[in-house]
Amino acid sequence: AQTVTQSQPEMSVQEAETVTLSCTYDTSENNYYLFWYKQPPSRQMILVIRQEAYKQQNATENRFSVNFQKAAKSFSLKISDSQLGDTAMYFCAFMKHSGTASKLTFGTGTRLQVTL
Amino acid sequence: DVKVTQSSRYLVKRTGEKVFLECVQDMDHENMFWYRQDPGLGLRLIYFSYDVKMKEKGDIPEGYSVSREKKERFSLILESASTNQTSMYLCASSLWGRGPYEQYFGPGTRLTVT
Chain V
1 AQTVTQSQPE MSVQEAETVT LSCTYDTSEN NYYLFWYKQP PSRQMILVIR QEAYKQQNAT
61 ENRFSVNFQK AAKSFSLKIS DSQLGDTAMY FCAFMKHSGT ASKLTFGTGT RLQVTL
Chain A
1 DVKVTQSSRY LVKRTGEKVF LECVQDMDHE NMFWYRQDPG LGLRLIYFSY DVKMKEKGDI
61 PEGYSVSREK KERFSLILES ASTNQTSMYL CASSLWGRGP YEQYFGPGTR LTVT
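Chains V and A, in that order, are what the protein sequence lines are.
Per the numbering used here, the first sequence runs over residues 1 to 116.
Per the numbering used here, the second sequence runs over residues 1 to 114.
Among the hints, erroneous ones may be present.
Keeping only pairs whose Cα atoms sit at most 20 Å apart, straight-line, the calculated EDC-like set for lysine to aspartate or glutamate is [what the hints assert, rightly or not]:
id, chain 1, residue 1, chain 2, residue 2
1, V, 96, A, 102
2, A, 13, A, 79
3, A, 55, A, 22
4, A, 71, A, 51
5, V, 70, V, 52
6, V, 96, A, 56
7, A, 70, A, 17
8, V, 96, A, 30
9, V, 73, V, 29
10, A, 70, A, 56
11, A, 18, A, 69
12, V, 96, A, 59
13, A, 57, A, 22
14, V, 70, V, 29
15, V, 55, A, 22
So the derived list for chain V, only partly shown, Cβ under 10 Å to chain A, looks like this [claimed, not checked]:
id, residue
16, 4
17, 6
18, 30
19, 32
20, 35
21, 37
22, 46
23, 51
24, 105
25, 106
Far from chain V, some chain A residues (derived; all Cβ distances over 10 Å) [to be verified]:
id, residue
26, 7
27, 14
28, 16
29, 17
30, 65
31, 67
32, 78
Simulated from the structure, these hints should not be mistaken for laboratory data.
Glycine residues also receive a C-beta, built at the ideal position from the N, C-alpha and C atoms.
Can you make the complete structure from the sequences, with help from the hints?
Here it is as structure tokens:
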């Protein structure tokens, strides 16, 4: 079974600064996918970024980028130029490369507060 | 845009009641999922379905059942609600297949069992 660990329950960052959220995972699989999801207060969960394990290049989406270290089983999320709208719960998630339903295993989340 | 809707945002039920949570998606997705979200525990998968009338248990199925009679609709049933089922329930849907398909989430139902 896979496990996903987010060791930072809460973090705070000032507007325009950079923050990194950590995530580690444990799996015996070689092919898999990793995701970061964002859940703003009282709003729906949305996908921030995804990474395919067979790709060495780190994924980027505008101000969001990841540092994927496959050997270390680490998948951190970097948010550059933080904005007030980045305030949310962030969940790291793991998905096996399988032919059926794309089940996700989530971490416990990191609550990020962006301040003025 | 994919839309996943849930029947209620807030629900209050009494212990022992039968509770139905409904989820509807409008993107013809094959997969649908029910999670519960608790502080400090993240999201945990209760049940999922990859086709009409097909279902599989997730990590915490005890005390729950599901129904999928139509492709767009996936229901979570609490046969006899208990206080330890007080939680936020999230529904999600995705395409079926081998790709890293994104799951699209509904707004959640906050259920309180008294």
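| message | Going through the numbered hints above, which ones does this structure break? Give me the numbers in ascending order. | response | 7, 15, 18
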